[in-house]
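Undergrad: Each chain is listed here by its residues.
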Amino acid sequence: MSELVVRDLQRSFGGVQAVGGVSFTLRSGNLLALIGPNGAGKSTCFNLLNGQLRPDSGSVKLDGMELVGLPPRRIWALGVGRTFQITATFASMTVAENVQMVLLSRARRLFGLWRPAAAQFREPALALLERVGMGSQADRPCGVLAYGDVKRVELAMALASEPTVLLMDEPTAGMAPAERLALMALTAELVRERGLAVLFTEHDMDAVFGHATRVLVLDRGRLIAEGSPDQVRANPRVQSVYLGGEA
Amino acid sequence: MSEPLLTVDGLQAWYGRAHILDGIALTVGRGEVVALMGRNGAGKTTTLKAIMGLVERRAASLRFDGRDLSALPAHRIARLGVGYVPEDRRIFADLTVEENLEVGRQPPRPGAPTWTPEKLFALFPNLAEMRGRRGTRMSGGEQQMLTLARTLMGNPSLLLLDEPSEGLAPLIVKQMADAVRRLKAEGLSVLLSEQSLSFASAVADRACVIETGRLRWTGTMAELLKDDGVRAAYLAV
Amino acid sequence: MSFLLVQALSGLATAATLFLVSSGLTIVFGVTRIVNFAHGSFYMVGAYAGWSLIERFGGTPAGFWGSVAAAALMMGVLGAAMEIGLLRRLYRSPELFQLLGTFGVVLVVQDLTAWAWGPEDLLGRRAPGLKGSVDILDQPFPLYDLVLIGLGPLVLGLLWLLFNRTRWGTLVRAATQDREMTSALGVDPARLFTGVLFLGCALAGLGGALQVPREAVTLHMDMAIVVEAFVVVVVGGMGSLTGAFLASLLIGQLQAFGILVFPQITLVIVFLFMAVVLVLRPHGLLGRADEAPPTAPAAVTVPLSAGPHAGAWALALLAVLAAAPLVAGDYALILLTEVVILALFAASLHLLIGLGGLVSFGHAAWFGLGAYGSALLVKHLGAPMPLALAGAPLLAGLGALVAGWFCVRRSGLYFAMLTLAFAQIVWSIAFQWYAVTGGDNGILGVWPSAWAAGKAAYYWLTLGLSGGALWLLRRAAFAPFGYALRAGRDSGLRAESVGIDVRRFQWMAFVLAGTAAGLAGGLYAFAKGSVFPTLLAVPQSVDALVMVLMGGIQTVAGPLAGAVAFHLLEAKVMSMTDWWRLALGLIIVALVLVFPKGIVGFLSGFRRRR
Chain Z
11 MSELVVRDLQ RSFGGVQAVG GVSFTLRSGN LLALIGPNGA GKSTCFNLLN
61 GQLRPDSGSV KLDGMELVGL PPRRIWALGV GRTFQITATF ASMTVAENVQ
111 MVLLSRARRL FGLWRPAAAQ FREPALALLE RVGMGSQADR PCGVLAYGDV
161 KRVELAMALA SEPTVLLMDE PTAGMAPAER LALMALTAEL VRERGLAVLF
211 TEHDMDAVFG HATRVLVLDR GRLIAEGSPD QVRANPRVQS VYLGGEA
Chain Y
141 MSEPLLTVDG LQAWYGRAHI LDGIALTVGR GEVVALMGRN GAGKTTTLKA
191 IMGLVERRAA SLRFDGRDLS ALPAHRIARL GVGYVPEDRR IFADLTVEEN
241 LEVGRQPPRP GAPTWTPEKL FALFPNLAEM RGRRGTRMSG GEQQMLTLAR
291 TLMGNPSLLL LDEPSEGLAP LIVKQMADAV RRLKAEGLSV LLSEQSLSFA
341 SAVADRACVI ETGRLRWTGT MAELLKDDGV RAAYLAV
Chain A
28 MSFLLVQALS GLATAATLFL VSSGLTIVFG VTRIVNFAHG SFYMVGAYAG
78 WSLIERFGGT PAGFWGSVAA AALMMGVLGA AMEIGLLRRL YRSPELFQLL
128 GTFGVVLVVQ DLTAWAWGPE DLLGRRAPGL KGSVDILDQP FPLYDLVLIG
178 LGPLVLGLLW LLFNRTRWGT LVRAATQDRE MTSALGVDPA RLFTGVLFLG
228 CALAGLGGAL QVPREAVTLH MDMAIVVEAF VVVVVGGMGS LTGAFLASLL
278 IGQLQAFGIL VFPQITLVIV FLFMAVVLVL RPHGLLGRAD EAPPTAPAAV
328 TVPLSAGPHA GAWALALLAV LAAAPLVAGD YALILLTEVV ILALFAASLH
378 LLIGLGGLVS FGHAAWFGLG AYGSALLVKH LGAPMPLALA GAPLLAGLGA
428 LVAGWFCVRR SGLYFAMLTL AFAQIVWSIA FQWYAVTGGD NGILGVWPSA
478 WAAGKAAYYW LTLGLSGGAL WLLRRAAFAP FGYALRAGRD SGLRAESVGI
528 DVRRFQWMAF VLAGTAAGLA GGLYAFAKGS VFPTLLAVPQ SVDALVMVLM
578 GGIQTVAGPL AGAVAFHLLE AKVMSMTDWW RLALGLIIVA LVLVFPKGIV
628 GFLSGFRRRR
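Residue numbers (the working numbering), protein chains in the order written: chain Z, 11 to 257; chain Y, 141 to 377; chain A, 28 to 637.
Hints in this document: simulated from the structure, not taken from any laboratory. Check before you lean on any hint, since a few could be wrong.
Not everything, but these chain A residues come out facing chain Z in the computed CB check (under 7 Å) [as the list claims (entries may be wrong)]:
#1 L100
#2 R501
#3 R502
#4 F505
#5 A506
#6 P507
#7 F508
#8 Y510
#9 A511
#10 D517
#11 E523
#12 G526
From the structure, some residues in chain Z lie toward chain A, with a derived Cβ separation under 8 Å [claimed, not checked]:
#13 N60
#14 W86
#15 R92
#16 F100
#17 S171
Values in this document were obtained by computation on a predicted structure and should not be read as measured data. All C-beta atoms, glycine included, are put in the ideal place defined by N, C-alpha and C.
Please build the complete structure, drawing on both the sequences and the hints.
TA: Right, here's the structure in full:
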């Protein structure tokens, strides 16, 4: 059982508060959705959690260990995986090689100068790709894949590091609706199967309310609601943020 | 009925390999305010950028005031009388308020209201008080006003207004709505993207609802307010 | 005391010229985001044109100043022409292509200038009315230099007025901040950019023409000034006019007083200053983080693959090459030896560019350091060839270890500038430390041991060592190390987030590439029997870049093909014409514009299409 405890996270840019006092707890088996209008601070929140940005104050603890101040690669090594809003894979490698890179990194074998990389960890990489439905495309260059398929590869890469916590920034952005639901269903399955703790942001409300176990609503850097999908949907404040209050 | 000021048909757009817009079609009549509605990520911003010629790759039939826009670069489109106000404001932060306006200045255009800094300062009194101030020292609402004023200096006949109310305090949102109504009264046509139903209903005549890059619904603002089904499907959480 | 004052004043005069030239460079960069290597060429041609005009009309003050202004305007027109003909096509290209394309212009201009004005240095007449000197605390100081000192702030003031009090200047400042938004407001970016190039190049031409009364007009002025202007622009913050002014003042003083304290290494001081500034203030004194966005590397979507039977082909090629001495004559063997050495040199650079996406503009430093390492061991310690050859990669690797630590801290253009700076440091040591390196005269008598003295024997030795090194580089490229390097290039963000320490891999690659280039340099020294500072100079670095580019960046075999094509072409063209630089410059421009994927990439694209 893993637990990510976020307490009073704050971060400003040039005097403007992007994230102002966000607190929540993420546990194994949770599929926690973070939603909110554009500019609410969702991506900033993610960047604070995985070490890309340093918070002005607040703490992020993984099973009691403070993550604030560590570089992204250390946080990754402690078991916090991440996928990006804009897909970022290694475009000059094949699909399988992308996953193999993560496995090599996990095994601390990256400094090898002699044995070809393509032959190392190929089997486990293929197994992971099979799991996300990309087995048949393992040897295609990652740079020519359809957008939705790249998102699957990213998921396989994230799984390859055997994370206990997975941060997914808009995992289905740019995908067709059917693809979105399939990917969310797969994610939900993985959460159950591996006891993952997942935090994800999402614009597609079907994806959010269909699969999330809990929902956090962020507006102008602050959490304005937290609860089960039904509770959040019924919350008048959430409705006003999404449909607009005053004019 | 005469030809609409802007006619968009079969608009496609891509970012890299991601296909963002798929067959958006809409029109904006002379003197009309049309709201482009949809959730985050539905493709509203991309639609406006694509009309303006600011996306890498697009395909469409685009007619504006009897001219074909589909092969023109952004600066030519702007000179024909299309004014673009981006959502992320993008004021020139090192330039003063007056200099920002100067960048937007274009010759007067027949059939469109002509703007001068003085006339704009009357419309946005806040700006008048800080004409020598640099953009770095302005609040979000002031920046939004400046972005709009800067575009108006080009004397456009059509305004593309991206998320004008986003991230603004309620009072500023109200000022913004007043400004849009004033512009309509001056004879400008406006296509604005908006997430806030209340803002859109306060200023727009018609609405187009898009979701995942496709047009889902189009009708008058009054019809949209009555249609719970559409709102629940495409706008609400 | 008075001596120090005069020294400070002469530093100010230097600073004025430096500012004129670097202000143009920084304005052009601010708007177009292109670092214009050819900027120094406009300075040089401005000086030549100014010399001709002043010879003819410069007898009166009006004629003199009119000539200076006319030369500046002419350079402005040429600059605008270059924008329309070349730069316009490069705005969306990777920085390697921009730097190389404008360097191609440097080469073309050098030969055209030599053709028009001849190779001799030209001494111009002095400015009428300003020929004398004034006494400052009993020390004479040239009157003309005083005028220059006043001219620096005057030009800064005029530029400030232009940018802050005219519509054109306002538009330029707006475009510097946000090109896209400016065009969305109806401003034609193309015309704005042409105007900016006119202004920038006119300033360079002005700086050049003003030098006529001060110093001889020579064909070396272009590289000397452009490298200094780079330093000024980088130190001041790219795109910042005031920064350029401040940096000019600092560097002018550094040079004026550096020459008193360390006359041998004034250039080193300047470049070390830049390296230190960049490490402490990564964006320069007055630059801002967003002034230099990481230019997008060419999107690489083709996986690096060995190709079928690559091993068999390599062995077959090796066998053919090894058999060459049986049929080839001495001249062909010498040529082949050089080709093999250059192939290793190019392949070592390819490791950085092709795998790491790190465009080094100073790779000759490690080649030259290897060559000098061998030569110094032979000359000063009487080392036998095997020992001297072993010293070559060692010295180069050590140099790369130190320089690499600085360089990999920055990416993109700044990386290119830093590598250039370190190459210039090494070059200036070789050039100025006469007692040890022989300066311009180089080191002669670096001959192989008796057993390797024959042309065939030395060729086999070269083939064995280079082949071995190439094989190691190739293994590394396909090993996890090479993949990690590519991962950092493809997406640094993703690489860091899966535990890859990108900077560390880049550093390691820098050292590896430097070591391999050092070995090539050592072999080259013994092949030629001598070493000269040119081995470390910018053109040598550019040769390597052209080889890599000719072969294509995205193929492992590319650099080898590039080295062969380049060296044979060089030998062929050089034997036919004196205008080698002109030809090479045109080839570079054509490569950049027409074959962005290089020879091997072009051929494989051609194969795929068929």
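Undergrad: Broken hints, numbered, in rising order?
TA: Violated hints (numbers, rising): 1 and 2; every other hint is consistent with the structure.
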